[in-house]
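S.K.: Please take these sequences and the hints and turn them into a complete structure.
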Amino acid sequence: MSNLLNLNNIDAGYGEFDVLKNINMYLDKHEIVALIGPNGAGKSTILKSIFNISDIKSGKIFFEENDITNKQTYELLNLGISYVPQGRINFATLTVKDNLLIGAELIKDKKKVKDNLNYIYSLFSVLKTKRKHLAYSLSGGEQQMLALGRALMDNPKVLLLDEPSLGLSPKLVKETFETITKLAKTGLSILIVEQNAKQALRMADRTYLLENGQIALEGNKKLLNHPKIKTIYLGGQI
Amino acid sequence: MKKNNIFNKRLILIMAFVLLAGLFISGCSNNQAELSELSDADRASLVDGDNSDKGQGALNREIIFQIGAIQPLTGDGAAYGLPVQRVIDQAVLDLNAKWKEDGKKLQLKIYHEDGKCNGKEARTAAENLVNQKGVNIIYGGMCSGETLGIAPFTEENNVLLFSPLSSSPDITNSGDYVFRNYPSDTAQVATMIPFIVSKGVKTIAILSENTDYAQVLRAGYLKQLPELGVKIVADEIILSSAKDVRTEILKMKSAEPDAVILLPQTIPMTGVFAKQLYESNFDADTLFFSNEIVGLDQAVNEFGDFMKGYFTPEVAFLKENNEFSSKVIADTECDLGYYCASTYDGIFLLGDVLELCGDSDTDCLKKEFDALENWQGIMTTSTTFDENGDVAGDFVISQIIAGTKLRVN
Amino acid sequence: MQLLFNSVVAGSIYALVAIGFSLIFQTNRFMHFAHGSAVVFSAYIAFHFFSLSNSLLIAIIATLILSSILGYLMHLLIYYPLQKKKSSSVILLIASFGILFLIDNGLLLYFGSGIKNINYFGPLRGMEFFGALITKPQLIIVLSSLLCLIFIYLLMTKTKLGRNLRAVADNNDLANIMGIESKKYMALSFIIGSVLASVAGVLIALEQTLSINMGTTYMIKGFTGAIIGGVNSVPASILGSYIVGLAENFGVWFLPSQFKEAISFILLFLFLLYKPNGLFGIDKSSRK
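As you go down the protein sequences, you meet chains A, B and C in turn. Heads up, my numbering is the position in the first sequence plus 865, with the first residue counted as 1. Heads up, my numbering is the position in the second sequence plus 4, with the first residue counted as 1. Heads up, my numbering is the position in the third sequence plus 1177, with the first residue counted as 1.
Just to be clear, a hint being listed does not mean it is correct.
[Said to hold, decoys possible] With the Cβ distance kept under 8 Å, some of the chain A side facing chain C (calculated, not the full set): (1) D963; (2) E970; (3) L971; (4) Y984.
[Unchecked claim] In silico SDA-like links for lysine to any residue, alpha-carbon gap of 25 Å or less: (5) A:K976 / C:L1323; (6) C:K1261 / A:G878; (7) C:K1361 / A:A957.
It should be emphasised that the hints constitute simulated quantities derived from the structure, not laboratory data. Here a beta-carbon is modelled for each residue, glycine too, at the ideal position from N, C-alpha and C.
M.R.: The structure is reproduced here in structure tokens:
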């Protein structure tokens, strides 16, 4: 098990409500792995299970050989896993800068925080320009950058992204995926849930197709030519 | 992620309703009826159901008279209601002791209820006393509002109502079975008005609390002062719940009155009025007049510094230099001047009448009350009831000076 | 001019109450109506310790400490267990009424209903100041409130604690995902709120005579101020409280005195019905 992140036989859901059945998947270092599939298939639940905000009924999750199945949020953050939930959620009434600083909540070293902040500013220059603005005044794309930036503030090893392109204009979608690819090149391992199957497949090293809470397909970019994918996901949904 | 808009109409209405309900309930929630603390000996001698017979006499069994008492035990009125309760209990003990000494096998038992200085509450208290405890005589209320609330009920049910302290003129005609041992406010107003005029006052402002008692006084001044050439330039009525009357006082001050009349109902309100008037820096020549609440010892002790020079009336039936009075007042910690005396003696007056009639023949009681002439109390001088159950009123006016009062007429 | 000053004095105290209420509301997502009880509790504790020790300093310190403990206990023993069970805001609201009765009646039992007074200053004439009469206690109220407001402002904007508190108030779930222990901050909001309430309580005790009913009165005024300004924002709540002070005092100038309380209520209902997010508040649901 020399994968970075490993899910073994995971059954998970919310309370009485079961979603995932016997999920087995992994993420390697420096990989971008995509999770695609129809609505309600359980893609977000996989991310939430890793981050322990859903109910894991059975199975285990490993990160760098450590069992992280029931670890608390701050423990996961300290280990280097960051989660960006769906919907460009930010602290609307806080400034951009404050939003970012919260991302570094668990870092004690003030200088490191400052350095990370400057790094994020260099990645997303608009965040620097608007650092004193309140988050709710930002445009959709800027809010997405803010959410991403905040997740990166503590130098994570793994980034869990939940539908980052949702609701964005095509131009912004393109930019988002470019950013993600760029981030991966810096050594980050990324697990991304995406509705946009085409883009996801193109960008990812490997992709899992999820249906009804189970993994239906797994593969690399060659999946683009898979008949199932072609007809259902490339022809039908965006 | 959940949306954060909780202000849909339904929730607003629920909140508003719950808020109102909470206010209403919390206003009534201070509802502890403090029962009197009789000594164990007295408690032991009280037997339920062993009731009085008519007439007096050499009966072998002890006759126990039961009466109810209503005064404010909670809220702002408790500041004078609680001392009065203590005086009543002491008087009951002393009366029982006196009967024992005289060889009479008689006992008085009393049930206290909280009138909250409020007609509606007092009426409920009276209903409890009559319907549940079965009393036929109520000693109370204290605030005029209480007595006025109780009277219709006691009249309907042939219960005797005897108040040692209520002063509203409306009580005069409130019933055949209603008696009170305190002069009507008309007498107070009648005493104060000539005095006010004699001081050369031409314009006057009135600050009154919104209760039966205070409003009757206010009405009296409003009607009679203009007839004597004194103009009312400001007239502010304050809710009992108010704590800050500075703006109202500001209105009064801007009318530049020669004098101000204060008509509070309770001692705490006296403090509010007096303090805030003092802070407002009225012209040094302004005269201040008030009702007798302001002149009560407790009020003068607490707020005397703010009330220097105030003219207050007091009933003139107090026996002077009475050692026994001083002892009673000290024992019961009653700092209310004539109120203590009237309350104390009222029990003895009742005792005399009970000896003749027992406690259940209301018509006999009424007859005996009417028949009293120049009844002498221990702390008060002569009591005679007129055809309405009132007593005549003689007031003296004192001025508050450096913590004490000085008679001025 | 005098009216303006009276309004500021009244508004200052309401503001102290409103901040706590707004903070607790934002962080915990329900209306903590027992907040007024913290005020009256503090006032009585201040009176109690002052009569015991005759030292104002001891009274103030004791009050601040005991009130923050009270605030923390309210959270720990009653609200938090209910929140863990995912009780609705209405249930928490009712629970807060329960606490209100408990505290008010507890105070009544212990202290009785007689008048209570901290006569620290003795009889005072007002001092003339730009056409208004100001007494020492009133001045102290205004200045103390101002100090508290400044302190709170600095706390909330310049410190990490303040920022995290605002984060929890803004979005509890996201805060947790970011590693901020929202439970800790929810408890903290109660402590801060209660400390502010205790300052209000001490100031009131110095200036007025105490009575048990004051808790509800000040709760309503503070609540109204928070709603009028905007309960979702602390600065807005402060402004709203001063508006209540102004409305009351200027209203009474033109209307009979009985309408003083009614004015607050009328404003409250108007705002609840038509502008529940207040004049300056942020409507959290209308963001992109």
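S.K.: Please go over all the hints and tell whether each is borne out by the structure.
M.R.: Verification of the hints:
| no. | hint | result |
| --- | --- | --- |
| 1 | D963 | holds (5 Å) |
| 2 | E970 | holds (5 Å) |
| 3 | L971 | holds (5 Å) |
| 4 | Y984 | violated (18 Å) |
| 5 | A:K976 / C:L1323 | violated (35 Å) |
| 6 | C:K1261 / A:G878 | holds (19 Å) |
| 7 | C:K1361 / A:A957 | holds (21 Å) |
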